[in-house]
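Engineer: Below, each chain spelled out in residue letters.
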Amino acid sequence: MYVAVKGGEKAIDAARRLMDKRRRGAPELPEISLEQIREQLGLAVDRVMAEGSLYAPELAALAVKQAQGDLVEAIFLLRASRAAFPRFGYSLPVDTAAMRVERRISGTWKDLPGGQLLGPTFDYAHRLLDYRLARTQKPEKSVESAESAESAKSAESAEPEAGKPPSTPVPTHAGAAVPTHAAAVPTHAAAVPAHAPTASAAAHAPTSTTTASATPPPADEESLPDCPKAMSVLIEEGLLELEEDDGREPGDITRQPVDFPLDRPERLQNLARSDEGFALALAYSSQRGFGSVHPFVSELRQGAALVEFIPEELGFPVVLGEMEATECETVNQFKGGGETPPVFTRGYGLTFGRNERKALCMAIVDRALRAEELGEEIKGPAQNQEFVFSHSDNVEAAGFVSHIKLPHYVDFQAELSMLRQLRKAKQNDDRGDRI
Amino acid sequence: MKTDPSARRRRMAAFTLAPLNSLAEGLSRICPRPDHVFLRRPETGLVMVRGRLGNVGQAFNLGEMLVTRCTIQYQSRLGHGWSPGRTARQAELVALGDALGQCPEHAEAIDRLTEELEEVKRHQDAVRQAEIQKTRVQFFALVRGEDKDD
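Top to bottom, those sequences are chains A and B.
Counting with numbering that gives the first Met the number 0, you get residues 0 to 434 for the letters of the first sequence.
Counting with numbering that gives the first Met the number 0, you get residues 0 to 149 for the letters of the second sequence.
Do not rely on the hints blindly, as some may be mistaken.
Interface residues of chain A toward chain B, partial, derived using beta-carbon atoms under 8 Å [said to hold, decoys possible]: (1) R21; (2) R86; (3) S90; (4) Q115; (5) F121; (6) L238; (7) D245; (8) P249; (9) P316; (10) L319; (11) F386.
Don't read these hints as lab results, they were simulated from the structure.
From the three backbone atoms N, C-alpha and C, an ideal C-beta is built for every residue, glycine too.
Construct the entire structure; sequences and hints are all you get.
Structural biologist: Right, here's the structure in full:
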């Protein structure tokens with residue numbers, strides 16, 4: 000039983016004002032702007048949009064500012080802000096194959112049509128603090144000096160010795176050390192490529208991968224390079240299960256009560272806005288054996304996709320804008336046998352913004368959740384859709400866990416008096432025994 | 000031609016994706032004092048964005064996107080505008096451009112502006128893409144020496 004408490008208005012008001020003062024920090028420093036957050040803390044903004052389930056960079060930046068960098072709080076703010084707006088309808092499905100690609104890699108194909116673009120990534124960077132960033136640089140100078148420092152540095156360390164550990168941990172430019180990744184950080188937790196399935200060759204020969212010299216093709220204003228899906232290679236050979244659109248209207252977990260078992264589209268909607276930490280833990284648990292999904296990354300792409308919508312009054316699709324998104328497609332072990340020849344199975348992840356870790360985890364968990372459909376033994380939480388669905392949302396989870404901070408005085412009194420009664424009864428019994 | 004949906008679709012897309020300044024400047028050249036009225040004032044709302052399994056399979060709901068819509072009337076023409084985020088001015092200008100494109104006296108100029116703004120966008124994308132292309136990577140798998148005798 001929960002009994003309400005009253006009072007405390009003044010203290011609550013003062014606490015809120017104090018929190019606002021803490022948000023502002025030292026008043027002699029300039030206040031941070033939404034543009035600065037958007038431009039310089041873009042990955043925080045992207046995470047808040049994905050898990051807040053609202054693509055609105057400006058509002059997500061505001062949420063990050065208001066929440067003082069507490070991203071789970073910011074996600075709550077952004078999620079709640081949706082209630083203030085009407086819903087106009089559903090977009091056409093975005094076409095990720097037509098994305099303006101800014102990053103595109105494959106763990107399965109060395110040479111794939113359209114090639115591989117590393118784009119902006121932390122993957123091959125040493126995890127060393129860059130002390131140069133400790134100083135704020137002047138607006139225009141910063142870009143130039145960083146570029147010249149990079150070219151100087153990469154010329155100098157063009158051929159690092161195989162197996163040589165990263166040189167002194169001084170704050171050198173992280174990007175210059177690309178080819179030594181196998182030697183750099185031997186633990187799988189830190190160096191992404193060393194743990195990737197295709198990197199087994201790299202483990203034997205530390206310099207088995209290298210980057211081509213930086214000779215970019217001239218910018219062609221007329222035609223941007225074509226980037227077909229990596230999966231098409233397998234599909235042409237019939238080695239991959241096909242995704243088919245039966246034209247069914249997908250369920251919307253924000254509008255309809257959920258009913259287990261959920262369809263894959265509903266599960267993906269839930270995963271798309273699930274907590275990244277939760278999705279990461281599930282994906283990791285699955286890879287370690289609590290679910291047995293340890294896929295290959297067929298393709299991971301990030302870029303901008305057009306969002307189109309058919310307004311009732313027009314009856315034809317209009318462009319609403321460009322949306323940054325990250326997509327991950329995985330190739331997993333087989334289904335089939337008996338009548339049908341075996342084929343690879345697929346996992347799929349798609350998120351707002353640059354959310355690579357999340358998209359990857361989403362694809363792994365999506366595949367893990369298909370256990371029942373594919374007749375696999377269910378041996379881990381990542382394969383249990385009720386467990387995943389019910390605990391993945393950090394707005395719900397944080398709310399329920401945090402509510403126990405609030406006054407529960409009467410409940411607690413009830414338990415306290417129950418405990419006292421039990422102890423008294425025990426004492427009486429003991430006394431009775433002695434007599 | 001005023002009701003040709005493909006031309007309308009094209010110009011609306013170009014206006015929606017254009018930088019606000021370029022759009023405003025371009026339209027003011029064509030029609031310095033537009034006396035349009037709002038039939039539907041700029042309204043910000045949500046569109047649920049959809050994706051597809053593997054980009055080809057069943058559709059699913061990815062999450063919502065904040066957009067602004069607006070409908071204006073210019074002379075006897077209705078113009079509709081949609082733009083991303085809380086961008087009332089952009090939605091209004093897209094709608095105005097849409098309406099102007101339906102007027103025979105402005106249609107040609109609007110087509111030219113459409114092409115101009117598409118070019119601006121193409122250029123922006125190309126500049127960004129040139130930067131991205133520098134990160135194009137070629138991985139090599141090396142064969143180890145011990146299989147030489149086979």
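Engineer: Taking each numbered hint in turn, which are not upheld by the structure, reported in ascending numerical order?
Structural biologist: 1, 5, 6, 11
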